[in-house]
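Single-letter residue listing:
4 protein chains.
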Amino acid sequence: MTTLIKNGTIVTATEMYKADILVKNGVISEIGREISKIASEIVDAAEKWVLPGAVDVHTHIDAQCDGMTTVDDFETGTAAAAAGGTTTVVDYAEQEPGVSLAQTLEKWKTKAGPRAVIDYGFHLALTEINDSILSEIPAMVDAGVTSFKISLDGAGERYISDADVLEFLQKVGGAGGLACVHAENGQIINLLLRRLGNDGKAPVKSVLSIRPPEIEAESTARVITLAELAKVPVYIANLSSAHAAEKVKIARDRGQAVFAETCPHYLVLGSDRYDDPEGIKYYSTPPLRPAWHQEVLWKALGSGDLHVVSSDHTAFNFVGQKDAGRDSFFRAPRGLPGIQERLAVTYSAGVHGGKISANRFVDLVSTMPAKLFGLFPRKGSLVVGSDADMVIFDPKADQVMSKSLGLSRVDYCPYEGMRMRGAPWLVIQRGRTIAREGKVMGRPGTGEYLPRIKFSGV
Amino acid sequence: MTTLIKNGTIVTATEMYKADILVKNGVISEIGREISKIASEIVDAAEKWVLPGAVDVHTHIDAQCDGMTTVDDFETGTAAAAAGGTTTVVDYAEQEPGVSLAQTLEKWKTKAGPRAVIDYGFHLALTEINDSILSEIPAMVDAGVTSFKISLDGAGERYISDADVLEFLQKVGGAGGLACVHAENGQIINLLLRRLGNDGKAPVKSVLSIRPPEIEAESTARVITLAELAKVPVYIANLSSAHAAEKVKIARDRGQAVFAETCPHYLVLGSDRYDDPEGIKYYSTPPLRPAWHQEVLWKALGSGDLHVVSSDHTAFNFVGQKDAGRDSFFRAPRGLPGIQERLAVTYSAGVHGGKISANRFVDLVSTMPAKLFGLFPRKGSLVVGSDADMVIFDPKADQVMSKSLGLSRVDYCPYEGMRMRGAPWLVIQRGRTIAREGKVMGRPGTGEYLPRIKFSGV
Amino acid sequence: MTTLIKNGTIVTATEMYKADILVKNGVISEIGREISKIASEIVDAAEKWVLPGAVDVHTHIDAQCDGMTTVDDFETGTAAAAAGGTTTVVDYAEQEPGVSLAQTLEKWKTKAGPRAVIDYGFHLALTEINDSILSEIPAMVDAGVTSFKISLDGAGERYISDADVLEFLQKVGGAGGLACVHAENGQIINLLLRRLGNDGKAPVKSVLSIRPPEIEAESTARVITLAELAKVPVYIANLSSAHAAEKVKIARDRGQAVFAETCPHYLVLGSDRYDDPEGIKYYSTPPLRPAWHQEVLWKALGSGDLHVVSSDHTAFNFVGQKDAGRDSFFRAPRGLPGIQERLAVTYSAGVHGGKISANRFVDLVSTMPAKLFGLFPRKGSLVVGSDADMVIFDPKADQVMSKSLGLSRVDYCPYEGMRMRGAPWLVIQRGRTIAREGKVMGRPGTGEYLPRIKFSGV
Amino acid sequence: MTTLIKNGTIVTATEMYKADILVKNGVISEIGREISKIASEIVDAAEKWVLPGAVDVHTHIDAQCDGMTTVDDFETGTAAAAAGGTTTVVDYAEQEPGVSLAQTLEKWKTKAGPRAVIDYGFHLALTEINDSILSEIPAMVDAGVTSFKISLDGAGERYISDADVLEFLQKVGGAGGLACVHAENGQIINLLLRRLGNDGKAPVKSVLSIRPPEIEAESTARVITLAELAKVPVYIANLSSAHAAEKVKIARDRGQAVFAETCPHYLVLGSDRYDDPEGIKYYSTPPLRPAWHQEVLWKALGSGDLHVVSSDHTAFNFVGQKDAGRDSFFRAPRGLPGIQERLAVTYSAGVHGGKISANRFVDLVSTMPAKLFGLFPRKGSLVVGSDADMVIFDPKADQVMSKSLGLSRVDYCPYEGMRMRGAPWLVIQRGRTIAREGKVMGRPGTGEYLPRIKFSGV
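From first to last, the protein sequence lines stand for chains A, B, C and D. To convert, note that position 410 of the first sequence is 458 in the numbering used here; the numbers rise steadily by one, no gaps. To convert, note that position 347 of the second sequence is 395 in the numbering used here; the numbers rise steadily by one, no gaps. To convert, note that position 433 of the third sequence is 481 in the numbering used here; the numbers rise steadily by one, no gaps. To convert, note that position 348 of the fourth sequence is 396 in the numbering used here; the numbers rise steadily by one, no gaps.
Derived by calculation from the structure, the hints in this document are not laboratory data. A virtual CB, placed ideally from N, CA and C, is assigned to each residue, including glycine. Worth double-checking, as some hints may not be accurate.
As the list claims (entries may be wrong) - Straight-line alpha carbon distances no greater than 16 Å define the calculated EDC-like cross-link-like pairs of lysine to aspartate or glutamate that follow:
# : chain 1 : residue 1 : chain 2 : residue 2
1 : A       : Lys72     : D       : Glu205
2 : D       : Lys159    : D       : Glu176
3 : A       : Lys297    : D       : Asp301
4 : C       : Lys347    : B       : Glu485
Stated by the list, open to error - So these bits of chain A aren't anywhere near chain D, every CB distance computed over 12 Å:
# : residue
5 : Met49
6 : Ile83
7 : Val367
8 : Gly433
9 : Asp446
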């Protein structure tokens with residue numbers, strides 16, 4: 049089977065040029081001028097951009113978080129991804145205490161295998177650090193699971209000590225993997241939470257006082273120092289604040305291999321959303337920040353001090369889930385949906401908004417995540433030999449974000465009513481069209497599992 | 049009783065001028081030109097400098113540390129202090145688990161009362177943070193104990209969590225006290241120590257790998273962030289490295305009330321001392337650093353980013369105590385003596401060495417510690433109304449440091465054989481001569497206990 | 049003749065304590081508790097502060113600037129100074145092209161001698177750099193004129209090349225003097241002025257666009273680099289902006305001997321004054337800056353990155369002088385009066401406003417300028433042997449600034465209507481009361497000329 | 049005519065992948081897997097890398113500098129370039145006083161047209177700033193000459209004032225061009241040179257004292273500030289020192305559009321070369337720096353704070369030209385040859401040496417200079433539609449640098465005897481092989497003149 053993409057403008061992390069792309073057997077076979085071969089399918093991409101399929105490296109699909117289950121399974125979650133231009137997802141397989149990494153991985157493969165509409169891989173999110181778990185890491189890396197995450201925002205049983213962080217970093221880095229960290233100081237969060245008192249009654253805007261940017265910055269700096277001691281690279285997940293971005297920058301200026309991602313909601317939504325009567329919809333950790341942080345994050349994205357925009361898609365319904373925290377915010381599950389909106393938000397606010405170039409946009413949503421997480425150049429790239437994952441993107445599209453456009457099962461859209469420029473028009477995976485103008489065409493189970501290669505720098 | 053100091057050059061943190069000083073009832077009564085009154089005692093300070101008596105705010109006299117008792121009781125410890133120009137000591141009263149702060153204070157007063165040759169006060173060093181201990185703090189502050197310390201280099205039972213650090217900082221600061229912290233990351237130290245393996249056999253130079261400067265800097269930065277959250281001032285004790293000094297500087301540049309002390313051994317002894325066959329003598333925590341750190345510390349002392357030079361006098365004999373760590377360094381008790389050598393070392397390397405001015409020298413060893421710890425202007429000052437504590441200092445003195453000169457019971461001198469310029473010639477407390485040319489004249493029990501005032505900035 | 053100051057609280061750059069001061073023959077003879085000697089005059093300073101007489105190191109009295117003559121001669125100028133608490137002035141003797149430094153100095157001595165109410169010295173302000181002028185510098189230094197200034201904000205004939213700046217810095221520093229620089233880039237100012245076009249018609253607020261802070265910062269950085277090459281200290285006069293303060297800070301962090309002064313008007317008046325119909329009153333160079341700069345300047349004053357608050361007193365009448373620039377601002381003479389208001393403004397906004405301590409206030413207006421310019425400890429100090437120059441200061445005074453309070457001949461007060469806390473109550477020079485509650489009592493010609501000593505660090 | 053490059057590994061600024069390239073009519077027509085079309089010429093690039101042809105944006109071919117003429121004309125200069133992997137050169141057309149830019153451009157076109165072996169464009173190097181010259185700039189930009197340079201290291205007649213710099217920056221930037229600056233403080237250089245005295249007799253190592261890095265940094269910072277005022281991008285040419293790199297970094301951290309290039313000699317040759325008896329060979333401006341600067345420059349190249357490695361090829365013979373400065377170095381013409389060695393040196397020390405990635409190497413020598421100077425994506429890129437300029441590079445080649453390998457007419461090689469890894473094997477321009485294993489095959493006059501597009505960011 050062959051597909052021919054004609055007349056488009058190819059945009060990569062470095063280039064922007066007109067050419068046709070011929071796909072054979074799911075792989076880019078040829079890039080040429082006015083290719084006139086016979087193809088099973090011909091796509092006319094005139095006036096459109098052709099981007100490498102986007103790669104989302106932070107999602108929580110069909111996951112238990114905060115005692116509830118996110119509403120998307122791998123069918124709806126990846127359908128939403130596909131509609132939004134994402135052709136690869138690296139989801140967090142969440143290890144439960146007492147369960148091995150191998151078992152966790154199998155469990156997640158079972159969830160995703162029959163349902164995924166797009167290609168997928170998994171990070172392993174560890175909830176405990178012990179010899180047994182650590183000893184599994186090298187085999188996991190060799191088997192193609194090359195990234196692992198811990199979260200430092202827990203207290204009590206979920207608390208991970210600095211010594212455990214160091215062990216984790218060295219074990220992962222030593223095995224050729226990339227260690228990822230959610231960096232907020234859990235002991236302090238817990239203390240500040242207890243201090244709220246009032247039997248726990250507190251509106252969602254209280255999250256700002258119990259998770260101030262200082263403790264994100266402190267935890268980020270600590271992890272960076274431990275990675276420096278361990279002599280391994282480290283990846284800061286869902287960085288939200290100017291304070292934490294500054295710590296990443298200082299380390300990078302020193303030459304350390306530190307990488308960091310932020311998310312669309314940190315880039316366009318401010319903490320004033322917590323004043324909304326339904327502000328609990330926006331309850332995420334780290335929380336949304338005052339709007340001035342956004343400028344700092346955009347600047348870091350532009351300069352190369354932040355590397356990835358991921359969705360951190362964590363879809364809970366407002367009715368029946370999020371609203372559990374109306375009176376006591378911390379009873380609500382945390383997180384925002386965004387797997388479908390990621391490209392539109394980042395392009396619209398970033399490229400259309402004049403903050404980053406089109407090349408940089410592609411780098412942030414596709415190329416760099418693919419490189420960091422061992423998928424490049426199979427993914428994240430539009431070169432001969434790469435998987436024929438493409439977004440035919442309409443930079444002139446003009447849409448108003450709305451729940452009604454979403455393919456996720458979630459019952460709200462965090463960007464409701466915001467006008468966005470630019471949208472995916474056609475999304476192609478391994479040569480097959482899987483979404484068109486926001487409608488998914490890919491069938492469940494056609495997504496492939498992606499073993500990944502070791503980290504070797506970018 | 050009256051004493052008249054004639055013909056000297058008074059050197060304070062700001063001034064250098066010739067004048068006579070008249071002392072009445074232990075207090076400076078008059079400063080004048082050619083005072084010709086009748087006095088019980090007349091001291092001719094021609095060609096000498098008259099400094100305010102030095103204030104040492106970090107000592108461990110008659111203390112249990114690491115399972116052993118330091119060799120100096122308050123008689124020998126303060127005699128050595130007096131001989132070296134120190135007229136006030138603020139010693140660490142070490143709370144033992146389960147013992148109240150009030151009991152701890154009483155115990156230390158009992159130790160010091162009958163023996164002290166110089167005036168003294170106490171910080172309270174806490175080994176545990178719990179509601180009971182925290183609740184005692186305000187009363188202690190009101191009673192004149194206005195500073196409290198925790199050490200973060202412990203693991204296991206001695207581990208103090210970040211939440212406890214924040215509670216401690218707020219309780220102390222809220223009560224008007226000054227919180228002091230020994231900042232090294234104990235969890236990491238313990239992990240690195242365990243990794244040394246080899247049944248614990250390791251030479252003292254291994255301390256460099258288990259207590260690298262990065263973990264001092266990390267802990268320092270963390271404490272500073274927590275103090276920022278708590279909105280209270282904080283004092284970093286025994287800062288040893290360029291890495292940690294940088295963290296203090298960054299916070300101060302931001303305008304935060306962070307203060308820090310270093311010690312003579314960090315200023316003139318390098319980590320190559322650990323290559324000495326008797327290198328265990330120099331086992332301190334934080335450890336001695338490679339020599340290049342010294343330049344950074346001196347620069348910070350000169351610029352005002354470090355505030356105090358204290359001795360951290362922790363006197364253990366080499367024979368019978370320190371040598372317990374010959375094969376396994378961590379079996380040795382930690383710390384260096386230095387209560388007597390502090391002024392000579394700081395003056396010689398600092399002022400004679402061209403790194404700091406004479407005014408700055410006085411500030412670092414006397415005025416600033418008195419201000420920070422609630423003793424100013426009674427101590428640390430040469431103004432009318434202040435206690436008549438004075439060092440008649442000979443800036444031209446030329447001595448070779450030696451154990452034989454020491455009044456401490458300790459059996460070695462860390463500076464053995466080093467040539468120093470400048471030495472105390474006469475030391476006066478409240479008008480009485482308590483030391484002359486290195487010989488102590490003060491009698492045990494004549495030192496007075498010093499209640500201190502609340503911290504209110506410098 | 050003897051004077052006794054009783055019951056006051058002495059405030060110096062370091063201390064604050066109660067004591068009496070006995071003055072004999074114009075010099076502080078004794079400081080004591082309850083001095084009960086017979087004195088010619090007894091001053092009761094109860095409830096008051098006793099400060100060292102203030103030292104103003106930047107004034108333009110009886111000077112030709114911009115083609116006009118400032119309205120104060122040394123009688124009115126120093127009377128205003130005295131009323132405001134200043135007992136020493138170091139005025140800029142302005143060399144005219146072709147006139148030798150020796151002649152310039154004589155001319156200024158002639159102006160001041162018969163008229164000065166307070167003690168005085170001179171800097172030499174050079175308008176040209178050539179071998180003849182440079183060759184005079186060492187002799188001037190030896191004769192007690194130990195500071196020299198150049199202005200870099202001129203273009204055309206007044207332009208001083210970088211090579212000349214380096215020659216100047218080395219000549220002055222090599223002779224033991226302190227080089228002072230007005231740092232703004234004259235070539236750029238001139239270009240931007242020409243670009244205003246419109247036959248030169250431009251309101252005073254245009255000064256903001258032709259003298260932006262970037263060109264002050266650039267010139268400051270350049271001078272600092274040249275001083276670094278020359279290996280000499282340098283003093284940046286009338287620094288006005290956050291941008292320039294940052295350059296001073298960077299150099300000081302590197303350890304370079306850079307010092308800088310700012311002025312009261314930069315600390316409390318913002319550039320919105322240029323919107324005033326009589327905004328030309330505030331035309332100074334550098335210009336007033338947007339209000340946010342003030343916080344940065346205060347922070348630098350507090351942290352020690354700025355060293356002096358001087359008045360830069362340049363008194364031109366609004367009517368008949370300043371108003372020449374109503375339509376074309378640059379036709380007005382530049383500068384603001386302030387010799388009398390300096391202490392009140394700095395105390396009120398700084399100490400009462402909680403930005404700096406009382407000690408730091410004294411340092412900035414008296415001690416540090418005396419040290420930097422070779423007058424210490426004769427001036428700037430309250431120790432035995434120093435000149436008995438004192439301000440009996442009432443920290444609780446409450447006054448509304450007004451032209452009617454001023455002793456200068458100038459016809460307006462830049463601080464008109466602003467409420468200030470704290471004011472000089474009595475001003476004493478060498479034991480004589482020269483001002484009381486804003487009225488001058490000193491007689492013209494009683495001020496003494498002050499030869500100064502070489503710069504040797506602070 | 050068609051050419052087929054088979055079996056190579058394509059390396060671009062972002063990618064590294066295996067593919068074949070088909071060239072038609074000098075343009076990349078197709079990139080595919082195992083292209084099996086019939087082609088006029090087939091190149092087997094197995095085991096080799098295929099890079100975009102390198103772009104050298106700083107050369108002085110057939111130029112009058114320092115009163116002498118460089119030894120290469122456009123035939124030998126571009127032949128050497130071709131042999132070294134460079135397929136495009138942007139040479140400095142040097143305007144002479146009184147000659148228009150249009151005339152200058154014509155003169156340079158005449159020099160290059162009949163001789164160039166590779167494609168070429170020109171910057172215009174201005175030696176004077178006046179209304180006439182400035183007024184020509186917009187037309188030049190429209191005609192495709194989109195970059196202009198001034199040198200600030202001159203004094204006297206060659207001195208360019210700050211006002212002229214600002215005019216220049218605004219005129220160039222306003223027209224859509226990119227302003228380039230050689231940043232060293234000429235007034236200070238001249239002063240320091242005069243101070244050398246001794247009738248000008250001075251060995252070449254004296255260049256270190258008259259052109260210290262501080263004056264490069266100062267001039268760089270000044271230009272950056274003026275560009276900030278002018279609100280235009282600026283390009284710092286031939287940056288040599290850590291000091292100057294720091295200034296670029298500070299501005300970029302602030303978000304300013306500042307770009308900078310360094311050269312191979314600054315990356316691998318240290319100032320100890322000036323101790324060589326034939327040290328005058330290495331006389332360049334800025335001079336070679338102590339070796340530690342190299343690490344800083346490499347780090348900045350890696351992090352994106354430096355953007356281009358150009359040759360600054362300025363070929364003067366040692367015998368008869370450089371040796372004129374044996375006794376008085378400044379009588380020698382300045383500059384080093386390097387047009388042929390640029391890729392080998394940068395690859396060997398950078399990529400083989402582990403300092404930068406292969407992608408970054410391509411960016412620095414080809415893609416980024418093409419983007420900055422308006423040649424992208426025609427040059428600097430390996431995409432369909434781009435000119436088929438390629439270097440078939442052998443990353444395993446192992447050669448010892450030697451004059452005997454050079455195609456330039458110059459009589460020495462600055463890298464003589466240094467072993468380099470990696471070398472161009474085949475060099476292709478617009479589909480034609482122009483060099484093979486160091487031998488040139490291109491014919492004079494076949495290089496094409498390149499009009500360039502306006503600067504619009506990278």
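Status of the hints after comparison with the structure:
| no. | hint | result |
| --- | --- | --- |
| 1 | A/Lys72 x D/Glu205 | 66 Å, violated |
| 2 | D/Lys159 x D/Glu176 | 22 Å, violated |
| 3 | A/Lys297 x D/Asp301 | 10 Å, holds |
| 4 | C/Lys347 x B/Glu485 | 45 Å, violated |
| 5 | Met49 | 16 Å, holds |
| 6 | Ile83 | 7 Å, violated |
| 7 | Val367 | 43 Å, holds |
| 8 | Gly433 | 5 Å, violated |
| 9 | Asp446 | 24 Å, holds |
Checked against the numbered hints given earlier, the structure breaks hints 1, 2, 4, 6 and 8 and satisfies all the rest.
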